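Fit chains P, R and U to the given chain H structure using the hints.
Protein chains: 4
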Amino acid sequence: MLLKLILPEEDQILSAFKWTEENLGHVHVLVNDAAFVSEELLTEGNTEIWKRSFDVNVVAPCFTTREAVKIIRKNDIKGHIIHINSVAGHKVSPVPKMNVYAATKHAITALSETLRQELNALGSKIRVTVCRPFVFCPGLVVSEMTVLSKDISEERKKLFEVRPILQAEDIADGVVYVLSTPEHVQVLELTIKPVGEPH
Amino acid sequence: MLLKLILPEEDQILSAFKWTEENLGHVHVLVNDAAFVSEELLTEGNTEIWKRSFDVNVVAPCFTTREAVKIIRKNDIKGHIIHINSVAGHKVSPVPKMNVYAATKHAITALSETLRQELNALGSKIRVTVCRPFVFCPGLVVSEMTVLSKDISEERKKLFEVRPILQAEDIADGVVYVLSTPEHVQVLELTIKPVGEPH
Amino acid sequence: MLLKLILPEEDQILSAFKWTEENLGHVHVLVNDAAFVSEELLTEGNTEIWKRSFDVNVVAPCFTTREAVKIIRKNDIKGHIIHINSVAGHKVSPVPKMNVYAATKHAITALSETLRQELNALGSKIRVTVCRPFVFCPGLVVSEMTVLSKDISEERKKLFEVRPILQAEDIADGVVYVLSTPEHVQVLELTIKPVGEPH
Amino acid sequence: MLLKLILPEEDQILSAFKWTEENLGHVHVLVNDAAFVSEELLTEGNTEIWKRSFDVNVVAPCFTTREAVKIIRKNDIKGHIIHINSVAGHKVSPVPKMNVYAATKHAITALSETLRQELNALGSKIRVTVCRPFVFCPGLVVSEMTVLSKDISEERKKLFEVRPILQAEDIADGVVYVLSTPEHVQVLELTIKPVGEPH
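Chains as they are written, first to last, in the numbering used here: chain H, 1022 to 1220; chain P, 1022 to 1220; chain R, 1022 to 1220; chain U, 1022 to 1220.
Read the hints as simulated data drawn from the structure, not as lab findings.
Hints may be right or wrong, so weigh each one.
Any copy, or any two copies together, can satisfy a pair, since identical chains are not distinguished.
Taking lysine-lysine and the BS3-like style, the derived pairs with C-alpha atoms no more than 25 angstroms apart in a straight line are [claimed, not checked]:
| no. | residue 1 | residue 2 |
| --- | --- | --- |
| 1 | Lys1179 | Lys1146 |
| 2 | Lys1112 | Lys1146 |
| 3 | Lys1099 | Lys1118 |
| 4 | Lys1072 | Lys1118 |
| 5 | Lys1118 | Lys1179 |
| 6 | Lys1095 | Lys1118 |
| 7 | Lys1091 | Lys1118 |
| 8 | Lys1118 | Lys1178 |
| 9 | Lys1146 | Lys1039 |
| 10 | Lys1072 | Lys1112 |
| 11 | Lys1095 | Lys1146 |
| 12 | Lys1178 | Lys1112 |
| 13 | Lys1146 | Lys1118 |
Keep in mind the model is a prediction, meaning the values are calculated, not measured.
One chain only, chain H, in its complex shape (with noise of 0.2 angstroms):
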């Protein structure tokens, strides 16, 4: 059973997990996937635009997983951890006004490995993956949110037009990839662009 959360504040992810474990059982794979960007420059930027960034992008993923961690090891699940990064978390684009954008994907990087190394330490067999399509900026990947969105530029909505695009389904297909692979496989990283990307 897929269950979709999108709740920025912890008390809420709290009351959901709680939630979930009474009415649908115990949590066997956690999926992050939220990321927050302004289009505004670094050099000109707001610090709480910063603040939820980080918020959002950084420290959400970092207490779901650790209450789905709880939950997995309590349990004696054999359980997966699966981070929807981007190539940001690799390489900064040179894309304009995507502030500290780049930089909380890049922490997420760190946190897969930091996360891998301390359940390695502990003895547990959950596993952990850093998936990372090619989303220059929210929205390349085509989702309701795209479409929905009312923030982003028309400088930017341009680029919609001329690049090469991931669907949401191509990503999806690969984490159904990740999750089919036998116990003993873990899949750390999965890159992936359109083709025809130029950078």
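Below, chains P, R and U alone, put in the same frame as chain H:
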């Protein structure tokens, strides 16, 4: 149809491509999976062994790729080049006596990106993938070569018995996933480790 | 003239910049060297501690940089922004209980490149440097903070005594070199480890 | 005393080491700074040219290092090995027709870390440094070779005139800094770009 070649020399490779073209039809997919490693310190190593390491691990995939790309482009095929590399393509693991092995694998990492950029610039839709299984020495993926190898020291053989290990099928499953994606989807990197691998 | 600030809050930082401007003249060089780390597992960590880690280690350098760049650009100064980061900005070392520390340092790595690209796009000649000393926990560069710190466990203190260690002067020497280069030379990264460091 | 060698073949290098030992005394510092690049596509390249690129850029620094380390260890000298690499050792820049150049430079990045780990394991205090100036093609550091080179195309020569450029002294200054650090300080990486470099 799958054709497996174990041929070290360029003229043999060229003949094999010619034979394939005449008898089986055009190449659609090339999977480069050669690897040579000797068990020596870098500071006491043998120059001819190092040259051979680069010839087999790096230069051979360059000319097989060149030949495959020629055929694929000439026949307007939606082709795919897959390099089976290693996690040593990203990170130098603290395993002694691997001398230039990690260097050859870092080279493949760079060559894949060079190839992707060049194909983009040529307007080609050929896809490029680097698969990075964790094989800290050849043989840590269980394969015929491993079982037959006479050159591996007792010390290194012991590592086999205590460390988690990938099977050849685990990597083959990854390649199948990569090839099964839609035409516009390019899996750039697929990094796989056995669960519990300490490094 | 060197002004050393240890101020966690944005309004204090803004006041300090204002005071500096009025009393000492324009800022030419900014060296960001804040770091906060707690000693906890990632899978048992505290959300507020994580937020504080990102606020101190990442968001604070963002707004000090923003303020310094404003002054430098307004006064047409050949300025320099230096981030004292860590080797944890590149690689997650196998040191336990560092939770989000490596993530905050990877974020600084990305921010430095984002800043460099943005300044280039603005036509600015401000230089950006990341200095990466090996400090696997704050304090492994011998500093006042280290000696005074009351939060470090006995276990971690023991690491001090057996591992090779950098002195604060070693990093200062690096900064002096970076600042001494001609105007057209940008030292992007300077990574320093003590000889004999195992990781 | 500085001895500059431009010798492509191993036996010549070995003779030069021998001559140095007999006439000038022990080697203390080795600076590897060879680079060969041809201007060709990877998908149309020449196998012999690729082999030569790896021989000159990678295998030659391996055997000069092996010889220097032997002398340094035998005489209990506090020696230093410096590889002048390139930013192409980290990142594949979008400059066309560089074929295996970035691959050879990624190989040097790996070899430096392999060497550092091996010297650590041997208990040696020899220091290893990688200096990474931005030279997107040989010659972008202004040098005699650049001025004399007859193999560079007109197209590439034009790049000289419009792009910011490092001088040979800028890199020499970096090497002087690296060598001036105290014995326990190991500058692992020093990455230098001209201000305004777009990539």
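We went through each hint and held it up to the structure:
Proximity of Lys1179 and Lys1146 under a CA criterion of 25 angstroms is satisfied inter-copy only: 23 angstroms between copies versus 45 angstroms inside one chain copy. Taking the shortest alpha-carbon separations for Lys1112 and Lys1146, only the inter-copy value of 23 angstroms comes in at or below 25 angstroms, while the best intra-copy value is 30 angstroms. Taking the shortest Cα distances, Lys1099 and Lys1118 sit within 25 angstroms of each other only across copies (23 angstroms), while inside one copy they are farther apart (41 angstroms). Taking the shortest alpha-carbon separations for Lys1072 and Lys1118, both the intra-copy value of 16 angstroms and the inter-copy value of 24 angstroms come in at or below 25 angstroms.
Proximity of Lys1118 to Lys1179 under the C-alpha cut-off of 25 angstroms is restricted to the intra-copy arrangement: shortest distance 15 angstroms within a copy versus 31 angstroms between copies. In the homo-oligomer, the alpha carbons of Lys1095 and Lys1118 lie at most 25 angstroms apart only across protomers (20 angstroms), although the nearest pairing inside one protomer, at 43 angstroms, exceeds that limit. Taking the shortest alpha-carbon separations for Lys1091 and Lys1118, only the inter-copy value of 17 angstroms comes in at or below 25 angstroms, while the best intra-copy value is 38 angstroms. For the identical chains of this complex, Lys1118 and Lys1178 are intra-copy neighbours only, at 14 angstroms inside a copy versus 33 angstroms across copies, given an alpha-carbon limit of 25 angstroms.
For the homomeric pair Lys1146 and Lys1039, the shortest alpha-carbon distance inside one copy (23 angstroms) is at most 25 angstroms, but the shortest distance between copies (48 angstroms) is not. Within a single copy, Lys1072 and Lys1112 get their C-alpha atoms as close as 21 angstroms, and across copies as close as 24 angstroms, so both meet the 25 angstroms cut-off. For the homomeric pair Lys1095 and Lys1146, the shortest alpha-carbon distance inside one copy (13 angstroms) is at most 25 angstroms, but the shortest distance between copies (47 angstroms) is not. Proximity of Lys1178 and Lys1112 under a CA criterion of 25 angstroms is satisfied intra-copy only: 22 angstroms inside one chain copy versus 29 angstroms between copies.
In this assembly of identical chains, Lys1146 and Lys1118 lie within 25 angstroms of each other by CA distance solely across copies; the values are 19 angstroms between and 40 angstroms within a copy.
Comparing the model with each earlier hint shows no violations; every hint is respected.
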